[in-house]
Amino acid sequence: EPEVTQTPSHQVTQMGQEVILRCVPISNHLYFYWYRQILGQKVEFLVSFYNNEISEKSEIFDDQFSVERPDGSNFTLKIRSTKLEDSAMYFCASSVTGIYNEQFFGPGTRLTVL
Amino acid sequence: AQKVTQAQTEISVVEKEDVTLDCVYETRDTTYYLFWYKQPPSGELVFLIRRNSFDEQNEISGRYSWNFQKSTSSFNFTITASQVVDSAVYFCALTPPIYNQGGKLIFGQGTELSVKP
Chain A
2 EPEVTQTPSH QVTQMGQEVI LRCVPISNHL YFYWYRQILG QKVEFLVSFY
52 NNEISEKSEI FDDQFSVERP DGSNFTLKIR STKLEDSAMY FCASSVTGIY
102 NEQFFGPGTR LTVL
Chain B
3 AQKVTQAQTE ISVVEKEDVT LDCVYETRDT TYYLFWYKQP PSGELVFLIR
53 RNSFDEQNEI SGRYSWNFQK STSSFNFTIT ASQVVDSAVY FCALTPPIYN
103 QGGKLIFGQG TELSVKP
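Chains as they are written, first to last, in my numbering: chain A, 2 to 115; chain B, 3 to 119.
Just so you know, not all the hints are guaranteed correct.
List of simulated lysine-lysine pairs, DSBU-like, C-alpha gap at most 35 Å [said to hold, decoys possible]:
#1 Lys40/B <-> Lys43/A
#2 Lys5/B <-> Lys79/A
#3 Lys18/B <-> Lys43/A
#4 Lys58/A <-> Lys40/B
#5 Lys18/B <-> Lys5/B
#6 Lys18/B <-> Lys84/A
#7 Lys18/B <-> Lys118/B
#8 Lys79/A <-> Lys72/B
None of these hints come from the bench; they were simulated from the model.
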């Protein structure tokens with residue numbers, strides 16, 4: 002069964018460093034998402050991406066964040082200068098047609114900012 | 003604004019008990035989708051069900067059932083004859099209006115269910 006994959010599973014970085022989190026969505030899906038979950042809290046939407054552009058972003062997704070689909074398979078989230086409060090689990094998700102279908106989530110990348 | 007409230011932070015039951023997880027949502031829109039996701043201790047998010055706002059029929063899938071009541075803006079989830087493997091955090095989520103094709107999910111706080119043997 003096709004699934005969303007994410008790498009790395011755990012990333013440790015120093016405050017102020019840039020990190021890139023990688024995702025490979027399910028191959029026939031057209032909508033891609035990033036969410037984050039701070040430990041013990043709810044899952045929060047960051048950004049949705051369709052047709053090679055951002056379709057919606059949350060207040061969390063400020064200028065320090067960017068997303069890219071550099072090739073036909075990968076979908077990346079870049080945090081330019083990490084802060085301590087960026088420490089969280091980051092989930093990538095994909096969906097066939099956005100609102101009309103469920104989103105399938107990857108296993109997550111745990112980001113620890115020291 | 004859209005909001006999802008899961009008032010039960012933690013529930014603990016003994017195996018074979020039935021348990022209901024509550025979900026109340028707020029939206030001004032007449033068209034929307036509701037979801038339940040399961041997050042087991044391993045951390046991934048597993049899709050359980052999707053419901054659109056025009057379909058108020060209850061749904062049953064094995065030991066799982068869902069009760070959608072538009073009049074009370076609730077979408078409750080019942081596990082019958084709970085098992086230890088049901089132990090997880092369960093999230094209810096809402097997708098905003100149909101004209102927002104992106105379909106971002108708005109999650110509730112989650113309910114941590116602990117099923118003891």
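Do the hints match the structure? See the list:
| no. | hint | in the structure |
| --- | --- | --- |
| 1 | Lys40/B <-> Lys43/A | holds, 12 Å |
| 2 | Lys5/B <-> Lys79/A | holds, 28 Å |
| 3 | Lys18/B <-> Lys43/A | holds, 28 Å |
| 4 | Lys58/A <-> Lys40/B | holds, 24 Å |
| 5 | Lys18/B <-> Lys5/B | holds, 32 Å |
| 6 | Lys18/B <-> Lys84/A | violated, 45 Å |
| 7 | Lys18/B <-> Lys118/B | holds, 9 Å |
| 8 | Lys79/A <-> Lys72/B | violated, 40 Å |
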